[in-house]
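Chains as they are written, first to last, in this note's numbering: chain A, 1 to 413; chain B, 1 to 413; chain C, 1 to 398; chain D, 1 to 398.
Since the hints were derived computationally from the structure, they do not count as laboratory data.
Any given hint might turn out to be false.
[Said to hold, decoys possible] Heads up, simulated DSS-like pairs for lysine-lysine below, C-alpha to C-alpha not over 25 Å straight-line:
{"hint": "1", "chain 1": "A", "residue 1": "Lys191", "chain 2": "D", "residue 2": "Lys288"}
{"hint": "2", "chain 1": "C", "residue 1": "Lys284", "chain 2": "B", "residue 2": "Lys148"}
{"hint": "3", "chain 1": "A", "residue 1": "Lys217", "chain 2": "D", "residue 2": "Lys30"}
{"hint": "4", "chain 1": "B", "residue 1": "Lys217", "chain 2": "C", "residue 2": "Lys96"}
{"hint": "5", "chain 1": "B", "residue 1": "Lys146", "chain 2": "C", "residue 2": "Lys30"}
{"hint": "6", "chain 1": "C", "residue 1": "Lys288", "chain 2": "B", "residue 2": "Lys148"}
{"hint": "7", "chain 1": "C", "residue 1": "Lys398", "chain 2": "D", "residue 2": "Lys398"}
{"hint": "8", "chain 1": "D", "residue 1": "Lys30", "chain 2": "A", "residue 2": "Lys213"}
{"hint": "9", "chain 1": "C", "residue 1": "Lys61", "chain 2": "C", "residue 2": "Lys30"}
{"hint": "10", "chain 1": "C", "residue 1": "Lys281", "chain 2": "D", "residue 2": "Lys398"}
{"hint": "11", "chain 1": "D", "residue 1": "Lys284", "chain 2": "A", "residue 2": "Lys148"}
{"hint": "12", "chain 1": "C", "residue 1": "Lys398", "chain 2": "B", "residue 2": "Lys217"}
{"hint": "13", "chain 1": "B", "residue 1": "Lys217", "chain 2": "C", "residue 2": "Lys281"}
{"hint": "14", "chain 1": "A", "residue 1": "Lys191", "chain 2": "A", "residue 2": "Lys118"}
{"hint": "15", "chain 1": "D", "residue 1": "Lys30", "chain 2": "D", "residue 2": "Lys18"}
{"hint": "16", "chain 1": "D", "residue 1": "Lys157", "chain 2": "C", "residue 2": "Lys15"}
{"hint": "17", "chain 1": "D", "residue 1": "Lys281", "chain 2": "A", "residue 2": "Lys217"}
{"hint": "18", "chain 1": "D", "residue 1": "Lys291", "chain 2": "D", "residue 2": "Lys281"}
{"hint": "19", "chain 1": "D", "residue 1": "Lys291", "chain 2": "A", "residue 2": "Lys191"}
{"hint": "20", "chain 1": "C", "residue 1": "Lys398", "chain 2": "D", "residue 2": "Lys288"}
[Said to hold, decoys possible] Computed from the model, here is a short list of chain C residues facing chain B with C-beta under 8 Å:
{"hint": "21", "residue": "Gln33"}
{"hint": "22", "residue": "Leu118"}
{"hint": "23", "residue": "Thr122"}
{"hint": "24", "residue": "Asp137"}
{"hint": "25", "residue": "Phe213"}
{"hint": "26", "residue": "Asn214"}
{"hint": "27", "residue": "Gly360"}
{"hint": "28", "residue": "Ala364"}
{"hint": "29", "residue": "Asp367"}
{"hint": "30", "residue": "Val374"}
{"hint": "31", "residue": "Thr377"}
Keep in mind that this is a model prediction, so the values were computed, not measured.
Note that the Cβ used here is the ideal one computed from N, Cα and C, for glycine as well.
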Amino acid sequence: MFSFQLSAEQQEFRDAVKDFVTREVKPVANHPDRLQAEDPHFVPAILEQASQMGLRTFALSEALGGAGADTLTACVVAEELAVGDIGFAATLARTSELGHILFDQAMSEAQRKQFLSKYLEDDNYHLAYAGSDIEADDGGWNYHRKDKSDVEIPVTATKAGGDLVLNGTYAFVANAPLAKLIAVQVTTDAKASGLKSAAIVLVPAGTAGMSVKEPAKVETDANGEQFYRWFHGTGGAITFKDCKVPAANVLDGRTQLYGAAAASGRGSPLVQALNVGLGRAAYESAIDYARIRVQGGHPIIEHQAVGTILAEIAIRLETSRNLVWKAAWAADHTDEHAAESGMPLQSMAKAYVSHAVHEAALLAAECFGAMGVMKDMPQPHYVHNSLVFVHSDTSNSTAKLRVAEAIAGFTRD
Amino acid sequence: MFSFQLSAEQQEFRDAVKDFVTREVKPVANHPDRLQAEDPHFVPAILEQASQMGLRTFALSEALGGAGADTLTACVVAEELAVGDIGFAATLARTSELGHILFDQAMSEAQRKQFLSKYLEDDNYHLAYAGSDIEADDGGWNYHRKDKSDVEIPVTATKAGGDLVLNGTYAFVANAPLAKLIAVQVTTDAKASGLKSAAIVLVPAGTAGMSVKEPAKVETDANGEQFYRWFHGTGGAITFKDCKVPAANVLDGRTQLYGAAAASGRGSPLVQALNVGLGRAAYESAIDYARIRVQGGHPIIEHQAVGTILAEIAIRLETSRNLVWKAAWAADHTDEHAAESGMPLQSMAKAYVSHAVHEAALLAAECFGAMGVMKDMPQPHYVHNSLVFVHSDTSNSTAKLRVAEAIAGFTRD
Amino acid sequence: MDFSLTEEQRAWQMKARKFADEEIRPISLKREQIEDPKLTWDWEIIKKGSKLGFRTLAVPKEWGGHGADFVSQGLVMAELSRADCAIGKAFSQNWKWSHLISSVCSDDQKKRFLTKFLEDDTFVMGKGITEPNAGGDNRLPPPDFPKSGFRLHAERKGDEWILNGEKCFIANGGVGKLFFLDARTDPNVGIKSGTTMFMVPADTPGFRFGKQFNKSGWRFYMNAELIFENARVPDANRVGEVNGGVKKGTDDTTGGDLFGDLELAAHALGVCDNACDMAMKHVKTAMKGGKTLTNQQWVQLKLNRMFMLTEALRSFVMRIAWEHDAKVHSQNPGLAMNFSCDTIQDVTRLGVELMGGANGRMSAAADKLARDAVIWTHLGGDSVLRMRYARRIIAAHK
Amino acid sequence: MDFSLTEEQRAWQMKARKFADEEIRPISLKREQIEDPKLTWDWEIIKKGSKLGFRTLAVPKEWGGHGADFVSQGLVMAELSRADCAIGKAFSQNWKWSHLISSVCSDDQKKRFLTKFLEDDTFVMGKGITEPNAGGDNRLPPPDFPKSGFRLHAERKGDEWILNGEKCFIANGGVGKLFFLDARTDPNVGIKSGTTMFMVPADTPGFRFGKQFNKSGWRFYMNAELIFENARVPDANRVGEVNGGVKKGTDDTTGGDLFGDLELAAHALGVCDNACDMAMKHVKTAMKGGKTLTNQQWVQLKLNRMFMLTEALRSFVMRIAWEHDAKVHSQNPGLAMNFSCDTIQDVTRLGVELMGGANGRMSAAADKLARDAVIWTHLGGDSVLRMRYARRIIAAHK
């Protein structure tokens, strides 16, 4: 039966998160000092609190000790968290999603035995994935051509007795500085191309020979041009130098962590759910301000021009959320969705939501006048973070070309 | 439980309509001669066929002999019909919706006895409503002010024995030329303002003193400026001149036909569902053409520029349909929706969908090059009809102001 | 930097404005409401405009024309189009080929055709490039597929060329007296190197008009198929070298785009001006809640956008007109044409949004502008025409 | 119609381009990456630019300045902003008040302040209007609410005026040596009729700088609170009549908008030029699938849009610069400013879309432009500033 009604459990979950965000997260996240510092690390104590509420492990199955949240629930929760702080929400969403994939799907019984209890018990136990399953942004060059973007695996693994010896560097891995367990995609044959000799190895933090380095605020490329790392939450480079890992840490039969569904744009729209939450934060701040700011003798919310802006934002968020939720539902019900239309909703969500929320953040900032560009206010950060979403994952242009291939029925596999 | 899955019955219904539209409607609708003639009347034989399939009466409750379709189902069906022909679809949708409101909700037992069997039996029995329940486009002038746009009722009814005598003219009533029964909003006191003395009277076609006149292709206003009537399907002016109707034809206790939900933008998004169907027609035609038209040695669907256009259209239709369906679901489940957000989804759908489908129709026409502006092709008609939707019902600007009032929690009642 | 007009430019502008207001505007809606696409054309307005110089404006003075500069041409186009862009286009279409004749034709050809053109108020011209299966490929020939593009074939027989094939969507088709035709004279190579251009009078044996296209906009402006069945064209009517293609003479003063880019942009400007005028007139009189519509903020914001885009377009159009006169070579004319497409769509749609009324009422004039505007999409703003200029800018960038 | 430049205009343009490339560009990212908003300012670049004339460009020749015309001013702004719009703005902000001094100040005031201004390479100026609770109401005073708008109060005591209150978001706050202040001298009427303007040197007793604002864009450009606690300003520093408000002298040559509209539009043009340059450079070298990015159609379409909008803006900016010089009064400067806001947003966002890389890499220069662009939203393109020009156009329309 068609229904937009969340289950009672989902609603409760959402309301609890909303309450937590309002009480605990927002006051910290929007403190002027923190905003100006642009520190990517979120206050550990609040991450711990979130963990205690089950938000770090909520996608893990109930059988293993999690809440067994499906994709839709994960998106609902991610949106609420992101209303509080986007980096905080992204960190939790990543750990939770990886927890489900690793412990419920990818690990052997023995591996679970080794790592699960720590994951469950330690509120600071975060997860990271160093690898490139989801096709790297192919820049559209192979639109409607059978050529595939080859996955380049920068870390090699060679056997040495019962161990693998890892060498190489991942330039940027989300969650890396916080992660206590990192799933690393390696190649066992540096000359083989693509996924042919790929494997995934679990590397606990603190393993000798593995080092994590957070990016400098400014980096310089080979041509001497400065660049920044745009990301939400924390991340850093991971370098392996003769890093020994027991062969028993290899995930059996896996060459990539996310499935083909994600690569073809039919995976989880969790990232876009975070983006909707970001848009909501901007929206709600604009409404609050428009109620109290007086111009022309009236609160500006009573001006047509400002009302229209708020409506424009509301419509963008409503259409964005519907699309994200549909994509999430489709990820949870692959058979039913395939029967429906089979369109790559995740790619559609990427293209639509990132553009819509960026516009929403700009419109919201406009309501604040000059204050909307001051770094001790949240508004410029909303605008920046929404632009990071436009850039992240894959470009909007590439996402649209993937949608176009699906329309034409073109497949690369 | 949240679900985007239509019920098996809804899917069957939809598939049957889609099949009918492909076989019977499209070949007639898109015949070059018909396109060039711009005749608003759709071939009666096919309207009859549609009626025989139950499409004229499908919103009527099963108890009374209809299919008992809810708002969502009505929207699903309306979209499919509109893929075939927008005027045809609009005519059926109006009759079906009015059938439900009149027979299931508004008529007395005696009135049903008088009219229902004819409505059920006669495949050419259409319905019309001459009145103005839904607030006329208020042009935003009373945004955030308590002032209400007064309903002006142009037809008066005076008592004469057991009859009412009607005088006055409705300048334009949709379905009027086809309607065998017309619900007419009248005022029993020409001096009273608004709905105070309003009543609704059922007037069968052929009643002496009532005449229907279809609009000339070009009309001239008081300043000598030419204007057209923009509409879908058929319509016309209805004039009453000492038209006698039994007082028993008054709908008991009704001053308007649609409820307060519609006026506040929380009613049925049926019109926007038709619009999504129009967009789909444009979209599907563009895909078909892009597969066969060769440029640069390849079908143009394999060009990034054209693929991107098709994806842009697909995303607009996907987001539009989701919003329409959510609004329809909300209309069918008012309590659940109110608990959710209470936003005026119908107004949101009006503002978003009409803009998105107009853009989609223009993008689709672009794929056809010069052919996209030739009147024997469907494309310029798609563009025109989408612009009619932008104009119809209420302006997009007014719709957004209504959304803004809801955001602020402002009510006029 | 000087945005002022010379006396001559101002005089052309004023003359065009008067003609547009007094002669074109009164017949605009009447002509476009005629259903039969063969009958929307009106020789009377063409003759009247011709006598005022609007048909022959661009013929150089030494050949007996007015020799108006490009700035004047842009001004006249905008003024005529302010009243009706399809009628405006029917005049300026001739200037395009006046430019062509004066820049690439031989003196003999100039004598034969310019003389007739100047004498006869009903002498209008057109050019045929597009064919049923060749539109975008003519504009942006794909290097890997030399056989794509138009197919009209010309084969030499003695002093004549025998033409076979057809063209479609050809402006002034059905009313024109002379057409320029691009034909393949070497079918084994791409259109860039295997094309020859011919001048084909309407009475050429074997040449006839086919279907008259029924457009949703620009209805006054004729558009038809040209059909060639062993049509015989004397070699004396060949323009330039055999397989010389569409190269222009060294005295091409149009920045390489034969003036079409300026033309579309300037006509769009006239349409936008018209939309602004109409909308302003309407919102200053229409009432809501006891006040004119001009009091509504949402109306003010739409008006701002209409005028803002229109003035941006005017600035761009006048600049490229000057660039044409100054023989500045840039991609600006193409970019201005692309820009005019976005602008005309936005401005005419805003016009419609402001000029509707209750019960589905829509100003017939605003409705016309919105339909006219769609014509621009494929003529000046489709993706092929955007990529064309992007590629040139990329190539020129050092 | 003439888009060419005079020798003097071209000379200013070339001089500015050289200074921008050689001096501004190398320090641009360095200065803006400084976290403390008090420290991004660099007196060295101001002094260097001042010696080249970029600080005093607009002072009339008869008062010892360069007397550059508005076209030159527009050109210089665009050139400086091509390297860094915040540094460019730090210079041109002074021109605004040079215009003001020469158009409305008495000869005594001119002597006292222009002399100092010309002599001292570190003499920069600003003007204070906005207050914590009065932004939009100053720009578009609501007729029904005379008390809305700024509150800074000035009361006469003998030969002095005592100022109390505060201004916020004031350009060059923290570094300026002279500020123009709008103060209420009749609190019982609206700001249009109860305002007097004063010139307040930074060392005025009772006047100090408050909070230094930490902006996300334009970081070089200082912005601070001005705080007045019984600040004493001699009556000799009063500009114009008491309650004379912001009326301009009869020799106002700026079309009534004191040049701020042209200024924002011209700076936006420089930013767009910069974005186009950067993006083109990047896509000509970045590779995908063995070819440069320029081969991708989606890249070509984005480039087309960037260049198209930029050239449209250039046309509009040069036109309004000429209008200022020609003393043409129209709403075009305001419309051009509004247009520049839309353009700079689109163009810088497209730049970001083209200039990102894998693993979250983003060109620092492209990132800066996107942040700078947001500044335009409230300075030149919010709804108040769009309605302002719409209302004037409505009022002027007959």
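A quick look at each hint next to the structure:
no. : hint                : result
1   : A:Lys191 - D:Lys288 : 21 Å, holds
2   : C:Lys284 - B:Lys148 : 23 Å, holds
3   : A:Lys217 - D:Lys30  : 12 Å, holds
4   : B:Lys217 - C:Lys96  : 36 Å, violated
5   : B:Lys146 - C:Lys30  : 45 Å, violated
6   : C:Lys288 - B:Lys148 : 12 Å, holds
7   : C:Lys398 - D:Lys398 : 50 Å, violated
8   : D:Lys30 - A:Lys213  : 23 Å, holds
9   : C:Lys61 - C:Lys30   : 36 Å, violated
10  : C:Lys281 - D:Lys398 : 9 Å, holds
11  : D:Lys284 - A:Lys148 : 23 Å, holds
12  : C:Lys398 - B:Lys217 : 57 Å, violated
13  : B:Lys217 - C:Lys281 : 24 Å, holds
14  : A:Lys191 - A:Lys118 : 37 Å, violated
15  : D:Lys30 - D:Lys18   : 19 Å, holds
16  : D:Lys157 - C:Lys15  : 64 Å, violated
17  : D:Lys281 - A:Lys217 : 24 Å, holds
18  : D:Lys291 - D:Lys281 : 15 Å, holds
19  : D:Lys291 - A:Lys191 : 23 Å, holds
20  : C:Lys398 - D:Lys288 : 21 Å, holds
21  : Gln33               : 6 Å, holds
22  : Leu118              : 31 Å, violated
23  : Thr122              : 26 Å, violated
24  : Asp137              : 5 Å, holds
25  : Phe213              : 6 Å, holds
26  : Asn214              : 4 Å, holds
27  : Gly360              : 5 Å, holds
28  : Ala364              : 4 Å, holds
29  : Asp367              : 6 Å, holds
30  : Val374              : 6 Å, holds
31  : Thr377              : 5 Å, holds
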